[in-house]
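**Q** Chains V and B, in that order, are what the protein sequence lines are.
No gaps in the numbering here: position 156 of the first sequence is 166 in the working numbering, and each next residue is one more.
No gaps in the numbering here: position 6 of the second sequence is 16 in the working numbering, and each next residue is one more.
Keep in mind that the hints were calculated from the coordinates and are not lab data.
Any given hint might turn out to be false.
The list treats identical chains as one, so a pair stands whether inside a single copy or across any two.
[As the list claims (entries may be wrong)] Here are the computed lysine-lysine pairs in the DSSO-like style, where the Cα-Cα straight-line distance is at most 30 Å: (1) 241 <-> 17; (2) 16 <-> 226; (3) 241 <-> 16; (4) 241 <-> 196; (5) 242 <-> 17; (6) 201 <-> 103; (7) 103 <-> 17; (8) 191 <-> 201; (9) 242 <-> 217; (10) 17 <-> 196; (11) 146 <-> 242.
Protein chains: 2
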Amino acid sequence: MKKNFKKALSWRIWGTAVTFAIVYLFTRRIDLSAMICAAEIAVKLGIWYAHERAWSAAVPLAKEGTPFVLWFTGLSGSGKSTIANIISAYLEKKGRRVERLDGDTVRSIFPDTGFTREARNSHVRRIGYLASILEKNGVTVVSSFISPYAESRDFVRSLCGNFIEVYLSTPLEACERRDVKGLYKKARAGKIENFTGIGDPYEPPPKPEIIIDTEKRSIDETVEIIISYIKKYL
Amino acid sequence: MKKNFKKALSWRIWGTAVTFAIVYLFTRRIDLSAMICAAEIAVKLGIWYAHERAWSAAVPLAKEGTPFVLWFTGLSGSGKSTIANIISAYLEKKGRRVERLDGDTVRSIFPDTGFTREARNSHVRRIGYLASILEKNGVTVVSSFISPYAESRDFVRSLCGNFIEVYLSTPLEACERRDVKGLYKKARAGKIENFTGIGDPYEPPPKPEIIIDTEKRSIDETVEIIISYIKKYL
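In isolation and in its complexed conformation, chain V is listed as follows (with noise of 0.2 Å):
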């Protein structure tokens, strides 16, 4: 209000100004340009600030569109992060507060974080309750966690206001195959424990918003799909 009130007169002095100088140039009259100047500012001063008003109440909404939690899940290597800074990358062209929340940074940050059963639910809980206070606050959320059980999953999901689950259900071979971290040749040895897919189950959600096999489809089609999606959000 103050703001608008401060700019409003700010305008008035710079555009009756104007108006004086090119009425007087026309005319080469000081009243009559004073005269219609006058009345310029009795009348414009009001319909400027409902202008105002009507831009400022109806434009921000439009632009800023609705935050959602985008929440990808699936075997590690089957393109969650690649996927996920994409989708990230282009929100934020749009003009959008993102913020990126993956399972590797999050867990460089809390080292002690535990890959039991116990410890991997409370985690997925905890990262979902971030995600749900982020969108309360009008920043949309790209999460990427393995997050293998239902059961933190569908927690997330109750603390969200719009939940989009992505589920990667590229097969556990074809992850394998990939091994971009090395991570599958060490379960396979018996160097980490509790690996998802090897020594520990996948869940897969029953209900997904979107499901994408990444070995069938390339990254651009997988990237496409999800902002076809979201598109309703923007």
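For chain V, the structure is supplied; the task is to place chain B on it using the hints.
**A** Only chain B this time, still in chain V's reference frame:
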């Protein structure tokens, strides 16, 4: 850019229509009114645009201020939640985006959180991470947790940009005398283990930004001290 341009156009239509009406009213000459309006459109579109950009660049920054994390620590019953609620309401009134994080609330969402040193430290670290990400996204955080251990409080400090530790140093005797939630009574009766101040230690912060003994200061005084400290971020 696009929005500003549309808005400029919209205002020019309204603004020039009014100018035309006023000039015609004073001169009764359509040709003169039209010429003046043509000149006005040419000159004002540019000036208006510059004026708009100057204001949208200058004002929002000054209005939003710098986000920060206000972290209340102290014994149960020292007044953390009460004071934090008042400060949080004050900031919201000032137009801030504020997230209020409270020990009891968060524990009700995560009822399995334990009270051992390890569990408490891990809990506080996680909350601190959440606070730091909110701060990074422009949200000011007002948190109230007993957070009894220096280790995890310092971890939170290291994550946050503007971390303000508010230590409510009210002595145990005073907190126990208040015993708002009846917890001290239960702890003395041996019904609560690991209760801070009774079965568990509280490590006072060596260098808090603010330290207030709420036995010696009223609620109003306490609020005033804190507000005068955070003024620089508003």
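**Q** For every hint, state whether the structure bears it out.
**A** Results for each hint:
{"no.": "1", "hint": "241 <-> 17", "verdict": "between (35 Å within a copy, 25 Å between copies)"}
{"no.": "2", "hint": "16 <-> 226", "verdict": "neither (58 Å within a copy, 43 Å between copies)"}
{"no.": "3", "hint": "241 <-> 16", "verdict": "between (37 Å within a copy, 23 Å between copies)"}
{"no.": "4", "hint": "241 <-> 196", "verdict": "neither (40 Å within a copy, 54 Å between copies)"}
{"no.": "5", "hint": "242 <-> 17", "verdict": "between (34 Å within a copy, 24 Å between copies)"}
{"no.": "6", "hint": "201 <-> 103", "verdict": "neither (41 Å within a copy, 55 Å between copies)"}
{"no.": "7", "hint": "103 <-> 17", "verdict": "both (29 Å within a copy, 22 Å between copies)"}
{"no.": "8", "hint": "191 <-> 201", "verdict": "within (14 Å within a copy, 49 Å between copies)"}
{"no.": "9", "hint": "242 <-> 217", "verdict": "within (20 Å within a copy, 49 Å between copies)"}
{"no.": "10", "hint": "17 <-> 196", "verdict": "neither (64 Å within a copy, 59 Å between copies)"}
{"no.": "11", "hint": "146 <-> 242", "verdict": "both (18 Å within a copy, 26 Å between copies)"}
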